[in-house]
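FYI, in my numbering the residues of the first sequence are 2 to 445.
Hints listed in this document are in silico derivations from the structure and should not be mistaken for laboratory results.
Keep in mind that this is a model prediction, so the values were computed, not measured.
Be a bit skeptical, because a hint or two may be false.
Simulated crosslink set (EDC-like; lysine to aspartate or glutamate; CA at most 16 Å straight-line) [what the hints assert, rightly or not]: (1) K13 / D309; (2) K127 / D397; (3) K34 / E18; (4) K168 / D302; (5) K131 / D302; (6) K356 / E418; (7) K52 / E418; (8) K197 / E155; (9) K52 / D261; (10) K92 / D169; (11) K53 / D261; (12) K192 / D230; (13) K139 / E93; (14) K127 / D379; (15) K131 / E93; (16) K53 / E418; (17) K197 / E93; (18) K139 / E155; (19) K34 / E14; (20) K192 / E216.
If you anchor each label on the Cβ, the simulated ranges turn out as follows [as the list claims (entries may be wrong)]: (21) A423 / N15: 54 to 64 Å; (22) I68 / T5: 36 to 46 Å; (23) Q20 / K82: 18 to 28 Å.
All C-beta atoms in this analysis are idealised placements derived from N, C-alpha and C, irrespective of residue type, glycine included.
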Amino acid sequence: MYLTKYFLPILKENPSEAQIISHRLMLRSGMIKQSSAGIYSWLPLGLKVLKKIEQIVVEEQIAAGHIPILMPTIQPSELWKESGRLDDYGKEMLRVEDRHGRLMLYGPTNEELVTDIFRTHISSYKDLPKTLFHIQWKFRDEVRPRFGVMRGREFFMKDGYSFDMDKDSAIHAYNRHMITYLRTYERLGLKALPMKADTGPIGGDYSHEFLVLAETGESQVFYDKSVTDLSLGNRHIDYSDQQDVADIVKKFTQPYARTDETHDENLFNKIPIERRLSARGIEVGQIFYFGTKYSNSMGADIVMPNGDRTPVEMGSHGIGVSRLVGALIEANHDELGIIWPASVTPFDAVIINLKQGDEQVERACSQLYEDLILSGFDILYDDRHERVGVKFATMDLIGIPWQIIVGPRDLAEGFLELKFRADGIRRRIPLGEGSDHLVKALRA
RNA sequence: CGGGGCGUGGCGCAGCCUGGUAGCGCGACGGUUUUGGGUACCGUAGGUCGUGAGUUCGAAUCUCGCCGCCCCGACCA
Numbered sequence: 002m003y004l005t006k007y008f009l010p011i012l013k014e015n016p017s018e019a020q021i022i023s024h025r026l027m028l029r030s031g032m033i034k035q036s037s038a039g040i041y042s043w044l045p046l047g048l049k050v051l052k053k054i055e056q057i058v059v060e061e062q063i064a065a066g067h068i069p070i071l072m073p074t075i076q077p078s079e080l081w082k083e084s085g086r087l088d089d090y091g092k093e094m095l096r097v098e099d100r101h102g103r104l105m106l107y108g109p110t111n112e113e114l115v116t117d118i119f120r121t122h123i124s125s126y127k128d129l130p131k132t133l134f135h136i137q138w139k140f141r142d143e144v145r146p147r148f149g150v151m152r153g154r155e156f157f158m159k160d161g162y163s164f165d166m167d168k169d170s171a172i173h174a175y176n177r178h179m180i181t182y183l184r185t186y187e188r189l190g191l192k193a194l195p196m197k198a199d200t201g202p203i204g205g206d207y208s209h210e211f212l213v214l215a216e217t218g219e220s221q222v223f224y225d226k227s228v229t230d231l232s233l234g235n236r237h238i239d240y241s242d243q244q245d246v247a248d249i250v251k252k253f254t255q256p257y258a259r260t261d262e263t264h265d266e267n268l269f270n271k272i273p274i275e276r277r278l279s280a281r282g283i284e285v286g287q288i289f290y291f292g293t294k295y296s297n298s299m300g301a302d303i304v305m306p307n308g309d310r311t312p313v314e315m316g317s318h319g320i321g322v323s324r325l326v327g328a329l330i331e332a333n334h335d336e337l338g339i340i341w342p343a344s345v346t347p348f349d350a351v352i353i354n355l356k357q358g359d360e361q362v363e364r365a366c367s368q369l370y371e372d373l374i375l376s377g378f379d380i381l382y383d384d385r386h387e388r389v390g391v392k393f394a395t396m397d398l399i400g401i402p403w404q405i406i407v408g409p410r411d412l413a414e415g416f417l418e419l420k421f422r423a424d425g426i427r428r429r430i431p432l433g434e435g436s437d438h439l440v441k442a443l444r445a
């Protein structure tokens with residue numbers, strides 16, 4: 002993408018409404034624009050990141066055998082009357098009336114809808130287990146939205162719903178989700194710790210939430226340092242192996258890790274003092290097992306092998322996709338701007354032309370651009386007629402991991418410069434034939 | 001929802017106390033500048049000062065209502 006043809010509305014100054022760093026950087030780098038309190042438009046750069054996160058989330062769900070669907074944002078209130086949540090949910094639920102005077106609502110979550118889908122089409126244990134998920138915009142009319150997309154009213158979220166014939170199988174679904182989530186966060190380059198959670202308004206008695214440690218987090222968390230050393234790495238997961246999956250989950254949930262809601266001072270004090278840690282955390286996901294709460298009230302029964310009818314066992318599992326954009330920035334930035342992890346960066350590299358208008362340099366830049374695009378990279382080419390300082394500052398701000406710097410001085414000697422955003426280190430690289438050197442460096 | 005603050009061109013702000021129909025910086029746009037770390041010069045466009053009512057000869061400035069936005073708290077993915 003040639004920058005002069007793109008839409009990247011950079012702000013030089015901090016908008017006064019943004020207090021925390023991720024919110025500021027998202028506004029300044031032209032990722033989002035506020036539409037009203039807690040509601041945002043996603044501009045090109047922000048949308049690319051949002052979609053990349055979404056893609057990773059989807060891939061990990063599919064890898065575990067979970068099935069994508071898409072449910073609507075506007076839901077009929079009748080289903081919520083059935084489950085009993087129409088009154089329970091309170092003012093957080095945005096209610097609207099259609100032209101016929103029928104009460105509708107903008108979904109804050111989808112248990113009712115998915116249960117309705119399930120009960121009309123599935124009625125036998127033979128069709129189980131099944132996990133349906135979707136990634137859709139949700140709306141919760143927060144009293145006080147804040148922190149930009151991290152606590153908006155409208156938010157993009159993956160929510161998955163598991164259906165199983167018995168509790169054993171449902172717990173396996175729960176465990177499976179925990180691993181898919183851990184994998185997802187690892188791919189995003191985030192350290193997210195699973196913590197024993199309160200079940201909140203959705204109800205149930207089995208729940209973990211995932212927290213990214215960051216000073217601006219909204220929750221106080223307490224944990225055993227040993228939990229931060231755990232990671233899945235590249236190990237292969239066989240999701241059908243119930244025992245193996247349970248063992249992995251056990252390893253990750255064994256060490257003490259709780260938010261202030263479930264914190265138990267006595268248990269915490271049993272951890273050796275040098276491993277006893279407390280910090281702030283951003284919640285980026287939560288998983289629940291809640292049994293038959295909805296299947297019971299909504300009549301989602303299945304026929305068991307012995308012919309008995311019984312309410313299906315359910316769980317729900319959510320990852321805040323739009324919130325993750327903010328969380329990622331909270332975890333990856335410096336005083337100059339954002340530093341994107343390679344997995345979600347809006348562009349793989351940017352070509353900075355130090356002397357726009359110079360025929361040689363322009364030719365070299367376009368050639369590099371073509372070569373790198375052909376090699377499969379997503380490249381931004383800063384071809385603006387701007388001072389170099391402006392270009393460097395802009396690219397540091399938007400946080401593209403690699404900056405390919407091309408100027409007449411180095412070019413005359415057959416070199417260009419490659420700068421890594423994260424550490425600022427620049428390397429002089431021979432232009433060579435084509436862009437082999439670059440491709441190698443970018444893939445490293 | 002309780003407490004506090006703010007609403008003046010795209011962004012950041014001044015002017016308001018001591019009423020006399022708007023100003024600065026950045027940005028945008030058009031030129032010149034060909035630049036190795038937030039750009040130099042010239043020029044142009046853009047605001048009925050959130051909104052409604054009131055006071056007054058006259059309101060961005062004073063009074064009241066309403067709306068919006070931000071911060072702290074309670075709440076929340």
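Practice prompt. Go through the numbered hints given earlier and state which of them the structure violates, listing their numbers in rising order.
Written response: 1, 2, 7, 8, 9, 10, 11, 14, 15, 16, 17, 21 and 23
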